[in-house]
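Engineer: Each protein sequence line maps, in turn, to chains A and B. Reading the first sequence from the start, the letters are residues 1 to 204 in my numbering. Reading the second sequence from the start, the letters are residues 1001 to 1084 in my numbering.
Be a bit skeptical, because a hint or two may be false.
[As the list claims (entries may be wrong)] Below 25 Å or equal to it, Euclidean Cα-Cα: the simulated DMTMM-like pairs (lysine to aspartate or glutamate) are: (1) K143/A with E1046/B; (2) K31/A with E1059/B; (3) K159/A with D26/A; (4) K148/A with E1080/B; (5) K136/A with D190/A; (6) K1037/B with D41/A; (7) K39/A with D1040/B; (8) K172/A with E110/A; (9) K31/A with E1080/B; (10) K186/A with D26/A.
Hints are computed from structural coordinates only; laboratory data are not their basis.
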Amino acid sequence: MKKPLLAIITLTLIAGTALAAPMTFDFKDPKGVNNAVFKLDAPLEAIQGSANGISGTVTFDPEKPAATKGKIVVATESMHVPNSMMQGHMHGNQWMDVAKYPEITFEAKELKNVKTSEDSISADAQGTFTMKGVAKEMTIPVKLSYLKDKLSQRVPNMKGDLLVLRSTFKVKRSDFGINPGAPKDKVAEDIELSLSLAGAAAAK
Amino acid sequence: MKRTLRLFALGLAVIALLGWLVLGANRGWTRTSVAVKTVDSITGLEGIEYQNRFVPGVELLGTSLLAAGLLAGGSFLFKEQKTT
């Protein structure tokens, strides 16, 4: 009598552990919707563009959202502005130097001030933001939406979950050595970054 | 010659102004691509796609109007042809 009971308890514990296990979401979006928008609003000129070369992984546990960590990577080569000449300058060595610095990254170590609502989780992500070779410790606000079993609706023939990540924050151009000598009335010092990302965790 | 230059200047100014208006009256710099926003129905995320399209900006309009002005101004350097 004792042995079957022990087996049931063990199986229940294993199943419970498996259900609570954190999932790894891949942010390389097959639909190409993921994007990072950048805005620089100077008194004389407003510049707006976006980048869609997003990749990275985030480990998320719906039961323990504070333990969320991961890394989001933006390919600088994918940064686009509507004027082709401006884009050439932006990719050049005075500005983003995409040949030397091919990636902008944010590596989140933990979430603080986690607030859970009915359909989303808002928190402050603590981690390292790296741009043009300069790494800075930053805390950025994030909003996560966990969409259970929604992957098949987005990518046919694939079962699993989706994690939607949104974040808007500002960085200073001069902090990252992005042409610090350029006049601030033409190219704003503050760069506003807005991330709109969806990651997928396929069911095993 | 005087008359030809003035007509050419007028034509250039009209074409530049109409072209600028018809192609979007863009008050910023000239664009060679235009962002088109799409919404992912499952995630609600707004995606951005770029379509190659030429949208003249104010610098192109200004340059064309300046060139037209210079042509019209240059016409004063020519003497009026007298008809007998």
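Engineer: If a hint holds in the structure, say so; if it doesn't, say that too.
Structural biologist: Status of each hint after checking the structure:
About 15 Å separates the Cα atoms of K143/A and E1046/B, which keeps this hinted pair within 25 Å; it holds. For the proposed pair K31/A and E1059/B, the alpha carbon gap of about 37 Å is over 25 Å, so the pair is violated. At roughly 14 Å between alpha-carbon atoms, K159/A and D26/A fall within 25 Å of each other, so this suggested pair holds. Between K148/A and E1080/B the alpha-carbon distance is near 82 Å, which puts this suggested pair outside the 25 Å criterion.
Between K136/A and D190/A the alpha-carbon distance is near 15 Å, which keeps this suggested pair within the 25 Å criterion. Distance hint between K1037/B and D41/A is fulfilled; the C-alpha atoms sit about 20 Å from each other, no more than 25 Å. Among the hinted pairs, K39/A with D1040/B is consistent with the structure: their alpha-carbon atoms are about 22 Å apart, no more than 25 Å. This hinted pair checks out: K172/A and E110/A have alpha carbons roughly 23 Å apart, not beyond 25 Å.
Between K31/A and E1080/B the CA atoms are separated by roughly 67 Å; this puts the pair beyond 25 Å, and the hint is violated. Proximity of K186/A to D26/A is assessed by CA-CA distance (about 38 Å); at most 25 Å being required, the pair is judged violated.
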